[in-house]
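Trainee: Listed below are the residues making up each chain.
Protein chains: 2
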Amino acid sequence: MAVRYELIKTCRQSGARLGRLHTPHGTIETPVFMPVGTLATVKTMSPEELREMGSGILLSNTYHLFLRPGHEIVREAGGLHRFMNWDGAVLTDSGGFQVFSLSNLRQITEEGVSFRSHLSGKPLFISPEKSVEIQNALGADIIMAFDECPPYPADRNYVRQSMDRTYRWLQRCVAAHQRPETQALFGIVQGGMDKDLRQESVRQVTELDLPGYAVGGLSVGEPKDLMYQVLEDAAPLLPTDKPRYLMGVGSPDALVEGVMRGIDMFDCVLPTRIARNGTTMTSRGRLVVRNARYARDFSPLDPDCDCYTCRHYTRAYLRHLIKADETFGLRLTTYHNLYFLFQLMEQVREAIRRDRLSDFRDSFFESYYGPGEERRRGF
Amino acid sequence: MAVRYELIKTCRQSGARLGRLHTPHGTIETPVFMPVGTLATVKTMSPEELREMGSGILLSNTYHLFLRPGHEIVREAGGLHRFMNWDGAVLTDSGGFQVFSLSNLRQITEEGVSFRSHLSGKPLFISPEKSVEIQNALGADIIMAFDECPPYPADRNYVRQSMDRTYRWLQRCVAAHQRPETQALFGIVQGGMDKDLRQESVRQVTELDLPGYAVGGLSVGEPKDLMYQVLEDAAPLLPTDKPRYLMGVGSPDALVEGVMRGIDMFDCVLPTRIARNGTTMTSRGRLVVRNARYARDFSPLDPDCDCYTCRHYTRAYLRHLIKADETFGLRLTTYHNLYFLFQLMEQVREAIRRDRLSDFRDSFFESYYGPGEERRRGF
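Line order of the protein sequences matches chains E and F.
To convert a position in the first sequence, counted from 1, into my numbering, add 778.
To convert a position in the second sequence, counted from 1, into my numbering, add 778.
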């Protein structure tokens, strides 16, 4: 099997799990945050920098790589790992989410989705078989089933139909998968925000005995409490010997809350995207370093951080670079934000090890968001 | 004295000089190429990367730093070196060239130059005293006299007037300079393309016994042969115990030809600017890696290069990144182009050491430009 999950222990203060994900490109300690390298690069970062800050697995986007440079070129290059010079693990999504969120004039049928490229307007078609074909060409260690991610809010009848179709698509993905010995195909649970639909989806999907499962259809605009409720509905029904992946989540609070509800893997563009806009995550909360107030602030971004950026550069320099659209500024804030989340996940794993994740959450939120809940927004 | 030039030897095959430039931030072997870090950053690069590829001195732009973030902020940060975390040497230009090439509605008087910011349109004024004040605040190891760089072609009478005014400005710069013990003020020879004016300018400027001299007003659109002729007119009159700096030159052929005419220092945005457009310098000549022909080319940019980019990445990957506007692609091409020029200068120094620079030029041009002269264009 391409990927094997090893459960080390469960936290006595929460549903959190400490584990290891064994892949053909290394073993990853979980819970883990995966940076997003949309176009076979984590924007502004080198592979060496990602390694240095503690990353063992990256996510890359099937939809984007299908458009540019095309999966055949990546296959000819020897797959994503060789193409981008990354010897760690890679996960590719199915392209489904981007087809629904980025492309125009899409039409969903039982067969698949017709859409137009958001770049060229060219008409394209992705089916479950096509998504798996692309992902087989890209060669990631973990590949995802092609699914529909309904919007929030959505009509219950629509969610039900969509969920059943996504399940039929999953069966087609399993049948189409050409490289199960080197690439692990994860199923995706859908079912919207309804407990009974979610639980039915979990039962459907887990029947197929796949190497891992994602909880999809969340972080699509619903309140965070509702997302947490859905995780509480779904996670306990997932098998304990398989990894659980919450897609598209990367805010510090949702990472901790997700882990407490039994999630092992996360990805999100949040830390890298906000970094390129001059917004950073620090031990004292969000800090928008491009703001004028930092023009003469010669202290580090986060006095409690020992990352490359915080060891060598001031807020004044970062602000200057970002105001002037200098790439190096984006490198520095991106580095810091990713480092911050890796450090957070390291602390989370340590707290699970010591059966104190609930205590850790309280003290982390107190420092990160300040007293009360009112600062817990923005991300 | 802030900067001391040590002449090691002169090549027997040319006028080339091998030397060392001793500065408060390290000793630099000359002839040297200085990368341009306009806004206190060499675009896309980290200081560690610049060190690793062999850079010991950077250039930064007074005009740009005056506008953003402002020289007072850099002074408060502890100067340019500390602001940008660069422990090597720094040279700042005077701002003169940018005032003439970038800003609008400029008016030159004996006192200085009135102009409008190319960013905000705000009216500004720089005099020789102001330029030196800004450069004293920035704190570079080498600072440049405020001069007018006349366009090419220019009327002889205008060049004469401008040259004389630039000389008076130089005297004012010398008088205004507050930190001669830590910052070396270089004078700039002007005089356009006329031999007698050039030689008169050299005599004027060298009378002041400054720690170094630049040959200005070249690489402004004149044919390269004319530039070489001016160097042949001017360089022999410059004192042998002071460094000679040719401003704004960075094409491989002009670097070699400039060295052969006795130049010790060069700077240019060329390698970094063309890199960001997907154009690279290789041992076989110019290579525009963004071209479609490289989409499936899985060989390195330059098979004879051992830089970070060439050791790890293919032309296909670079092309993909640059087509997709991915920053990491620009990092990789920038790294390569700078490395290429540092390697070239290392080879040039070795050829001077062995009294074979003329032979080296012939074999380098043969490989870089191919037989004949027709490929020697583009940069």
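Mixed in with the good hints, there may be bad ones.
Copies of the same chain look alike in the list, so a pair counts if it fits in one copy or across any two.
[Said to hold, decoys possible] Okay, derived cross-link-like pairs now, DSS-like style, lysine-lysine, Cα gap no bigger than 27 Å in a straight line:
| # | residue 1 | residue 2 |
| --- | --- | --- |
| 1 | K973 | K908 |
| 2 | K1002 | K908 |
| 3 | K1101 | K973 |
| 4 | K1101 | K787 |
| 5 | K900 | K1101 |
| 6 | K1101 | K908 |
| 7 | K973 | K900 |
| 8 | K1002 | K973 |
| 9 | K1101 | K1002 |
| 10 | K787 | K900 |
| 11 | K900 | K1002 |
| 12 | K787 | K908 |
Simulated from the structure, these hints should not be mistaken for lab results.
Trainee: Are the hints correct? Go through all of them and say.
Mentor: These are the hints, each one checked on the structure:
1. K973 with K908: neither (31 Å within a copy, 71 Å between copies)
2. K1002 with K908: neither (33 Å within a copy, 56 Å between copies)
3. K1101 with K973: Neither. Shortest intra-copy (47 Å) and inter-copy (45 Å) distances fail the 27 Å Cα cut-off.
4. K1101 with K787: Neither: 46 Å inside a copy, 46 Å across copies.
5. K900 with K1101: between (36 Å within a copy, 18 Å between copies)
6. K1101 with K908: Between. Shortest inter-copy distance 24 Å satisfies the 27 Å Cα cut-off; intra-copy 43 Å does not.
7. K973 with K900: neither (39 Å within a copy, 61 Å between copies)
8. K1002 with K973: Close inside one copy (16 Å), not across copies (76 Å); limit 27 Å.
9. K1101 with K1002: Answer is neither: 32 Å inside a copy and 37 Å across each miss the 27 Å cutoff.
10. K787 with K900: Answer is neither: 49 Å inside a copy and 64 Å across each miss the 27 Å cutoff.
11. K900 with K1002: neither (36 Å within a copy, 47 Å between copies)
12. K787 with K908: neither (38 Å within a copy, 67 Å between copies)
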